[in-house]
Amino acid sequence: MSEPHDPEDYRGYRDPAKATLIKHKIRVWSDVKMDTADGVFEGLILPRAETENPFHIVLKLRNGYNVGVHVDRIHTVTELGYKKAHYKIPEKAFPYDPVKPNVTLLGTGGTIASRLDYRTGAVIPAFSPGELYGAVPELADIANLTTKKIYAVFSENMTPETWIGTAKAIDEEIRAGADGIVIGHGTDTMHYTSAALTFMVQDPPVPIIMVGSQRSSDRPSSDAALNLIDATYAAAYGDIAEVLVCMFGPTSDQYDLLHRGTRVRKMHSSYRSTFRTISDTPVATVRKGEIRTIKTDYRRRDKNRELKLDAVFDDRVTILYYYPNMKPDLIDALVANGYKGIVIAGTGLGHFNKPLYPAIKRAIAAGVHIYMTVETLWGYVQMYVYDTGRDIMDLGVVPAGNMIPETAYVKLGWALGHTHDREEVKKLMLTPICGELTEREPIDGYLIMQGGLPEIEQFLLKHRR
Amino acid sequence: MTPDDPANNPYRILDLDYQALGFRCGLEVHHQILTERKLFCHCPAGLYSTKVDAEVMRHMRPTLSELGEYDPCALMEFKTKKEIVYLLNKESVCTYEMDDTPPFPIDQKAVDIALEIAMLFGCQIVGEAHIARKQYLDGSIPTGFQRTTLVGVSGSIPFTSHFPPASGGTKGGSTTAPERQIGIIQLGLEEDACREVSDMRHEVQFRTDRLGMPLIEVVTESVLHHPYEVAEAGKLISQILRSTGKVRRGIGSVRQDVNVSVTGGTRVEIKGVPRIPLFPRLVSIEAYRQKRLLDLRDELKRRGITETSLEFSIHEMPAERIHFRTPKLASALERGMRIAAVRIPGIQGLLHWEVQPGRTFAHEIAGRVRVIACLDEMPNLFHTDTDGEFSLFPEEQTAVRVMTGAKNGDVVIILWGPDEDVTTGINEVLARIREATQGVPSETRQARKGGWTDFERLLPGPNRMYPDTDTPPTIVTPERVKRIRDSLPEPPWSRRERLRGTGLSDALADQMLLSPFFDLFWNIRNETKLSANRIARVLIQDIRAARRHGGHPDRITDDAWRKLFAHLQCGELNWEAVPQLVRIRSRRSGADWMSIATKQQMLPLAENDWQPIVDSALNLQTRTKFKESRIRWLMGQLQRPPGRIPAQRVAELLAQKVRDNHV
Chain A
1 MSEPHDPEDY RGYRDPAKAT LIKHKIRVWS DVKMDTADGV FEGLILPRAE TENPFHIVLK
61 LRNGYNVGVH VDRIHTVTEL GYKKAHYKIP EKAFPYDPVK PNVTLLGTGG TIASRLDYRT
121 GAVIPAFSPG ELYGAVPELA DIANLTTKKI YAVFSENMTP ETWIGTAKAI DEEIRAGADG
181 IVIGHGTDTM HYTSAALTFM VQDPPVPIIM VGSQRSSDRP SSDAALNLID ATYAAAYGDI
241 AEVLVCMFGP TSDQYDLLHR GTRVRKMHSS YRSTFRTISD TPVATVRKGE IRTIKTDYRR
301 RDKNRELKLD AVFDDRVTIL YYYPNMKPDL IDALVANGYK GIVIAGTGLG HFNKPLYPAI
361 KRAIAAGVHI YMTVETLWGY VQMYVYDTGR DIMDLGVVPA GNMIPETAYV KLGWALGHTH
421 DREEVKKLML TPICGELTER EPIDGYLIMQ GGLPEIEQFL LKHRR
Chain B
1 MTPDDPANNP YRILDLDYQA LGFRCGLEVH HQILTERKLF CHCPAGLYST KVDAEVMRHM
61 RPTLSELGEY DPCALMEFKT KKEIVYLLNK ESVCTYEMDD TPPFPIDQKA VDIALEIAML
121 FGCQIVGEAH IARKQYLDGS IPTGFQRTTL VGVSGSIPFT SHFPPASGGT KGGSTTAPER
181 QIGIIQLGLE EDACREVSDM RHEVQFRTDR LGMPLIEVVT ESVLHHPYEV AEAGKLISQI
241 LRSTGKVRRG IGSVRQDVNV SVTGGTRVEI KGVPRIPLFP RLVSIEAYRQ KRLLDLRDEL
301 KRRGITETSL EFSIHEMPAE RIHFRTPKLA SALERGMRIA AVRIPGIQGL LHWEVQPGRT
361 FAHEIAGRVR VIACLDEMPN LFHTDTDGEF SLFPEEQTAV RVMTGAKNGD VVIILWGPDE
421 DVTTGINEVL ARIREATQGV PSETRQARKG GWTDFERLLP GPNRMYPDTD TPPTIVTPER
481 VKRIRDSLPE PPWSRRERLR GTGLSDALAD QMLLSPFFDL FWNIRNETKL SANRIARVLI
541 QDIRAARRHG GHPDRITDDA WRKLFAHLQC GELNWEAVPQ LVRIRSRRSG ADWMSIATKQ
601 QMLPLAENDW QPIVDSALNL QTRTKFKESR IRWLMGQLQR PPGRIPAQRV AELLAQKVRD
661 NHV
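Line order of the protein sequences matches chains A and B. Under the numbering used here, residue 465 is the last one in the first sequence; the count climbs by one each step, no gaps. Under the numbering used here, residue 663 is the last one in the second sequence; the count climbs by one each step, no gaps.
These aren't lab readings, by the way, just hints derived from the structure by calculation. Since the model is a prediction, treat every value here as computed from it, not as a measurement. C-beta atoms are modelled at their ideal positions from N, C-alpha and C, and glycine is treated no differently. Watch out, some of these pointers could steer you wrong.
[What the hints assert, rightly or not] Chain A stretches covered by chain B per the calculated footprint, using a threshold of three residues with CB under 8 Å from any CB of chain B:
(1) 39-46
(2) 52-61
(3) 354-367
(4) 449-463
[Claimed, not checked] DSS-like mimics (lysine-lysine), calculated; alpha carbons at most 27 Å apart, straight line:
(5) A:Lys-92 - B:Lys-271
(6) A:Lys-288 - B:Lys-81
(7) A:Lys-308 - A:Lys-148
(8) B:Lys-271 - B:Lys-235
Sequences and hints are given; from them, build the entire structure.
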């Protein structure tokens, strides 16, 4: 008969490694001396990462390194002690200053600050004000901080429910008197959430700043602290009362950019400078307590303005990035599966091939709302230029100006959350709320420099990126 | 008084009783291995260049530990608030080095080499190599940590020292010292860091070409008992690594650090030692420094000064109070900098307490101030306890004492610079004096020319490592281990053992150990019974000379060498002809030895044929009147071309002529 085992004693281990631990009467956090075919290893047994193979046991040796020992090569094991890990972080009170503004940090996921348990190597998120104060003490010089964890998800797992929940939480905090809101969020879908919040939390009286980090916050080189400091400053003292994304400008530690939430997009899988404003310039730069505005047309902070919470969403919407030879059955399948909104990222000025026309016509007749954006991300849809474009419009596809496909997707879902009346939806879609559609593209809204050209190499040498 | 040789010879150690001191030393050797690519990305390894295509600027922040504390080393780096600039070259770095792309899978060829070296060092091989992050906040690595992994632990190598523990002291030991084992704590594989270009005030610049290259790290136990042993052990480790033929050669490919402690002292790490022969003096001075700091601790204790009881007062010295004319302070006033003085009672005489030959405790403090407060224009402080490099003009010294209310026994230390830096500096002055009451602080020190050391940074705790979750562990299968073990090269000590019986000189043995011609040498020695030293000289020195003259001696086949030694064995050729033969053959493939010798008139002559040559040479005129020179000149003449007459016989003949007064 086997004794009941606390599953935590074998965290991450599967058979045969788990059976080996049980056989030798040792468990995770046991301090052991292991006699193996390759010699003697002494150290602390650590939990196993679940994605790793089940044939090795991980030991943290006295010199701090972790090694894996194959179970088949273990002869005997002696337990020298047992030191269970307690990840309790000592609390330090975040200083309160009645003169300073009150900022609320809402956490939705991603680790904006963390601590290291060097003994085991674990990275522990730091989120409460006291923990944040320990990790980023500079925050106390800026504002009084309240923190609320509303979700803890990887950002690819965000859903309209989480957008709506976040919008409601923002509303609550602003009514409670926050002078600014900071939202910690994973970077991968930050631009979707920033667009959603722009539509769901309209006319905010105070800044709502989204922030994340490209390099995890346990690293000395992380951008987390700088982003957080600049975001908190923008929330506390900034005059721009909009939903903005605050992330690194260049990849050097020089300044953060404040991007309008409806025009920002993540453009590189890993660079710190991944977020860029598309077809426009960022709203401002922020660094070390200084905000320099670049645009002048933004909603200014106004405590007396009443925010309008409009948090609805119909998630039967999709984006279709058109590719040559896309087949009509795709459109039919979407309709058959109940989709009510399709954002097409069309090629060039907003096109797709002729074979799709009948399917599109059928879809619109069935009540589906179809909007055209550009797959090139930058630039306007302009469907009068070619007669194919005019034909597509005749089918009932609505051109969506220079809305980025991702933003158009969010807006269409939001619009359909109100009504399915074709004209009403069109009115909602084409009336800009905050920059998702602009009337003019500035001459410096599209600046993608190619490497290797002499003038660019000169430029790089002169400036620290 | 310093037990030092006044000549300040960089290779000579201090005259101390190392055994009584409890001297212990360990080595940490980092050696680049020969791979095509870097360790965690696909950039080419070994491309060094000073060309700069772009720059990136970053800062480093320390991460709190679970205890709510910062690792002291990390905190120190953060206090300095440096701007770190990385110089990038397109050919040698990619976005991984910039810390803008996650790591690629570890280079498996590098892992193979690491495993081979671990086995040569007798290490136990791990089943799974987990990659860890070792944090460094000095900016030398853009991510703020080095990716490092352990492949072997608990190894050992046989070590024969000429200064074994039993004999101790500075006396040389016997040459037939007993062999002992040096423990190897670990054998690691890690990525190399950037090269520092400049470090001034609050900006440090690094070059990134070397970043990411694979390095082997060999760490010995601290069991070396004598400074000269340290050089011997370093040499042995180098030989083992080079015997694989898979380590990089050239400047910057090896870095050696040592750790030193004495009884009652602390393990101090010394980095940046350029060459092995400089180790002994360096570690002997460090042993001396630790002893002197322990004496200082005792003196502080005797005077009743403790960590908590240290008194002090801080006084601002603006231009209105005193218009300094001491040059550095005068210029500080001109630049509008802050000047502040800290008065500390009871420590008279302790600031010029010698801790290294020609260096005092004041230098220890100045080192801290330089690194942590970034006041790096030396000297960066003045004090009233000396008349050396740290002194003010006498009348200003007096004035300062008066203004700070200094009494007998008090010392006043003056710092200058930007406001915040001066505050940091004062804190470091007090911190260092407090540490002195405890003994020897745990530090990493930088080696300097002359053998003394300077503060570099606080020694990081052993626990500043945590797993790298960006990379999966590497499984080391028994098959892989067997494959590598089966093709291990012969270790140097085994070769040395074999060479012992051959009569080869130590100098030639050292070179033959690592020579690719070892096997050839061995076979020829056994087959022909020719003199080992002569064979070795040909295979080492004559080949090297031929290469220097633009030839390609590698083209000479083993078979050809065999033939050469066969000719020598049966007298068809004389040894004297060999260097030139090798040089000619190395430039001309195909020709055989005898035909070259014939053409060049280097064939041996019968004894009857020597006489006329010698006689005609004696009749030659020379300018010199001195007999010695004339004899040497004659010897030279008779060796042109070489190989006709054995040199020894020529010498005998000439000696005879001298006696007969024909010269």
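Given pair status - B:Lys-235, B:Lys-271, alpha carbons within 27 Å: Given that 27 Å is the threshold and the Cα spacing comes to 17 Å, the pair holds.
Within 8 Å of chain B's CB atoms, at least three CB atoms from the segment 354-367 of chain A: coverage verdict: Violated, because only 0 residues of the segment 354-367 of chain A bring their Cβ atoms closer than 8 Å to Cβ atoms of chain B.
Pair hint A:Lys-308 and A:Lys-148, alpha-carbon separation not exceeding 27 Å: holds (22 Å)
Cβ contact check, 8 Å cutoff: the segment 52-61 of chain A against chain B, three residues minimum: With 5 residues close enough to chain B, the hint holds.
Outcome, coverage hint (the segment 449-463 of chain A, chain B; C-beta under 8 Å; three residues): holds (count 3)
Satisfaction of hint between B:Lys-81 and A:Lys-288, Cα-Cα up to 27 Å: Satisfied, since the Cα-Cα distance of roughly 14 Å is no more than 27 Å.
8 Å C-beta criterion, at least three residues: is the segment 39-46 of chain A covered by chain B: holds (count 3)
Straight-line alpha-carbon gap A:Lys-92 to B:Lys-271, limit 27 Å: violated (38 Å)
In summary, the numbered hints that this structure violates are 3, 5.
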